[in-house]
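Colleague: Residue strings, one per chain:
Protein chains: 2
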Amino acid sequence: MARWEPDARGRFLRAAIELFTEQGYDQTTVAQIAGRAGLTKTTFFRHFPDKREVLFFGQPVLVQLAAEAVAAAPADAGPLEAVGAGVSAMASAHTDEQREYGSQLQAVVAATNELRERALFKHASIADAIAGALRGRGVTEPAAGIAGELGARAYHLGFDRWLEATNTRPLPELAQEALDEFRKAVAALL
Amino acid sequence: MARWEPDARGRFLRAAIELFTEQGYDQTTVAQIAGRAGLTKTTFFRHFPDKREVLFFGQPVLVQLAAEAVAAAPADAGPLEAVGAGVSAMASAHTDEQREYGSQLQAVVAATNELRERALFKHASIADAIAGALRGRGVTEPAAGIAGELGARAYHLGFDRWLEATNTRPLPELAQEALDEFRKAVAALL
Chain L
1 MARWEPDARG RFLRAAIELF TEQGYDQTTV AQIAGRAGLT KTTFFRHFPD
51 KREVLFFGQP VLVQLAAEAV AAAPADAGPL EAVGAGVSAM ASAHTDEQRE
101 YGSQLQAVVA ATNELRERAL FKHASIADAI AGALRGRGVT EPAAGIAGEL
151 GARAYHLGFD RWLEATNTRP LPELAQEALD EFRKAVAALL
Chain B
1 MARWEPDARG RFLRAAIELF TEQGYDQTTV AQIAGRAGLT KTTFFRHFPD
51 KREVLFFGQP VLVQLAAEAV AAAPADAGPL EAVGAGVSAM ASAHTDEQRE
101 YGSQLQAVVA ATNELRERAL FKHASIADAI AGALRGRGVT EPAAGIAGEL
151 GARAYHLGFD RWLEATNTRP LPELAQEALD EFRKAVAALL
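Chains L and B, in that order, give the protein sequences.
In terms of this note's numbering, the first sequence opens at residue 1 and continues consecutively.
In terms of this note's numbering, the second sequence opens at residue 1 and continues consecutively.
So that you can see chain L by itself, here it is in the shape it has in the complex (with noise of 0.2 Å):
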């Protein structure tokens, strides 16, 4: 039985976007990000399938607690209102700590069209998340795909306004700020 390593995917994944930025994904091995991070390959590979795993390992505790906070709303909250607790509890669950390497790993990410589509995949999963705990709620399709998705953009957008190096402001005031702002805009497009 391997030894437990204090928050072994923590350092792995900031070995990994140290790495990523200083030489290229493509050029990186994950020798190299065990080594950065003074761990094992073995060690590496009980976290994670591959080097770009390392980036996404955040995404299952965000998509589950999305869905879980949707369905946990208040009986008589409207979709939007739900969306919005979704919302919050994801933005409630960053660190100080990862609003420190946020935009470098933004940089790796929007530098390579393997983890572009990746970080799409993760936007999608929470929108389908979101979908999905709203369908729970019963709102019916096609508003409960939309709602999603709007819940999975409030969310970015508050993340990307966190990270701009002027901001002060707490990131789950941020993501219901976007939400409020995207509902305004969905209301005059129609």
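Worth double-checking, as some hints may not be accurate.
Treat identical chains as interchangeable: a pair holds within one or across any two.
[What the hints assert, rightly or not] Below are the SDA-like pairs computed for lysine to any residue, each with C-alpha atoms no more than 20 Å apart in a straight line:
hint : residue 1 : residue 2
1    : K51       : E114
2    : K184      : R135
3    : K184      : A111
4    : K122      : A111
5    : K51       : L115
6    : K51       : G102
7    : K184      : G38
8    : K184      : A107
If you are wondering where the hints come from, they were derived from the structure by calculation, not from laboratory data.
Since the structure is predicted, the reported quantities are computational estimates derived from the model, not experimental observations.
Given the structure of chain L, go ahead and fit chain B onto it with the hints provided.
Modeller: Only chain B this time, still in chain L's reference frame:
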């Protein structure tokens, strides 16, 4: 200079769908696809960088048609009306032959994570193209991005319905109808 091969891309596409269905995506090589198509690997690589892109070669044309039609919509058309022009342009580009192998193509994509992620990238490319053309018409964000997403979703929902075995209606009509449903669903969300 290589000989001109009539409909080489279509032949590769049909061969790839057959082989991916029969033996799986991972198990299929470019050499096998070329053999089934009655063409050479060299010809394959003149058209596609890898076996994955065979299934998505129509994307640039769709993206261009959507963007041009949105831009060319009457000056007094509202954002969703312009989106409708883009959706119709994409829908009008499909042939009856595409309907014949469409369900098989969708099953292949659904069965493989790598292809599902690529399909999300295609979806996002269409949404982004529509959003960009809307911004060119003076529509601001986030409304342009949301309207682009609705357009991409309407196109895809129309396409799904077009493929249904019992369907007898043309794709442009189905896609426009899906966009109308989205407009109503969004209105009900607010």
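Colleague: Given identical chains, is K51 near L115, meaning Cα to Cα at most 20 Å, within a copy, between copies, both, or neither?
Modeller: Intra 10 Å, inter 19 Å, cutoff 20 Å: intra and inter.
Colleague: Indicate which option fits the pair K184, R135 if close means a Cα-Cα distance not exceeding 20 Å: within, between, both or neither.
Modeller: between (23 Å within a copy, 17 Å between copies)
Colleague: I want to check one pair: K184 and A111. Are their C-alpha atoms no more than 20 Å apart within a copy, between two copies, both, or neither?
Modeller: neither (32 Å within a copy, 38 Å between copies)
Colleague: How would you label the pair K184, G38 (within, between, both, or neither) given a Cα cut-off of 20 Å?
Modeller: neither (49 Å within a copy, 55 Å between copies)
Colleague: How would you label the pair K51, G102 (within, between, both, or neither) given a Cα cut-off of 20 Å?
Modeller: Answer is within; shortest intra-copy Cα gap is 18 Å, inter-copy 34 Å.
Colleague: Is the C-alpha distance from K51 to E114 at most 20 Å within one copy, between copies, in both cases, or in neither?
Modeller: both (11 Å within a copy, 15 Å between copies)
Colleague: For K122 vs A111, is the C-alpha pair at or below 20 Å within one copy, between two copies, both, or neither?
Modeller: For K122 and A111, both the intra-copy (17 Å) and inter-copy (18 Å) Cα distances are at most 20 Å.
Colleague: First find the shortest C-alpha distance between K184 and A107 inside one copy, then the shortest across copies, and answer within, between, both or neither for a cut-off of 20 Å.
Modeller: Neither: 30 Å inside a copy, 38 Å across copies.
Hints 3, 7, 8, counting from the list given before, are not met by this structure.
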